[in-house]
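Asker: Sequence:
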Amino acid sequence: MWEELRDHPVYTEGHMKIKNVIMGIEEAYKKFEEDLFNNN
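Residues 47 to 86 (this note's numbering) are what the sequence shown spells out, left to right.
Because the hints were derived from the structure by calculation, they are not lab data.
Note that the Cβ used here is the ideal one computed from N, Cα and C, for glycine as well.
Worth double-checking, as some hints may not be accurate.
Label-pair restraints from in silico Cβ distances [said to hold, decoys possible]:
| id | residue 1 | residue 2 | range |
| --- | --- | --- | --- |
| 1 | Trp48 | Lys76 | 19 to 27 Å |
| 2 | Phe83 | Met62 | 37 to 45 Å |
| 3 | Glu80 | Gly60 | 39 to 47 Å |
| 4 | Thr58 | Asn84 | 41 to 49 Å |
| 5 | Lys63 | Asn85 | 39 to 47 Å |
| 6 | Pro55 | Lys77 | 44 to 52 Å |
| 7 | Glu79 | Tyr57 | 29 to 37 Å |
| 8 | Leu82 | Gly60 | 23 to 31 Å |
| 9 | His54 | Tyr75 | 21 to 29 Å |
| 10 | Trp48 | Glu79 | 25 to 33 Å |
| 11 | Lys77 | Asp53 | 30 to 38 Å |
| 12 | Phe83 | Asp53 | 37 to 45 Å |
Go ahead and model the full structure; you've got the sequences and the hints to work with.
Answerer: Take a look at the structure:
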């Protein structure tokens with residue numbers, strides 16, 4: 047995914063910059079929903 051974003055004309059032509067990258071947990075919503083339903 048990063049290569050597609052980095053090579054997109056919006057970035058290569060200088061219209062935008064990637065300043066901060068925030069990493070997350072892949073498919074975290076599944077764990078959230080599992081915990082939510084198990085606690086009720």
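Asker: So, against the hints stated earlier in the document, which numbers end up violated here?
Answerer: 6, 8
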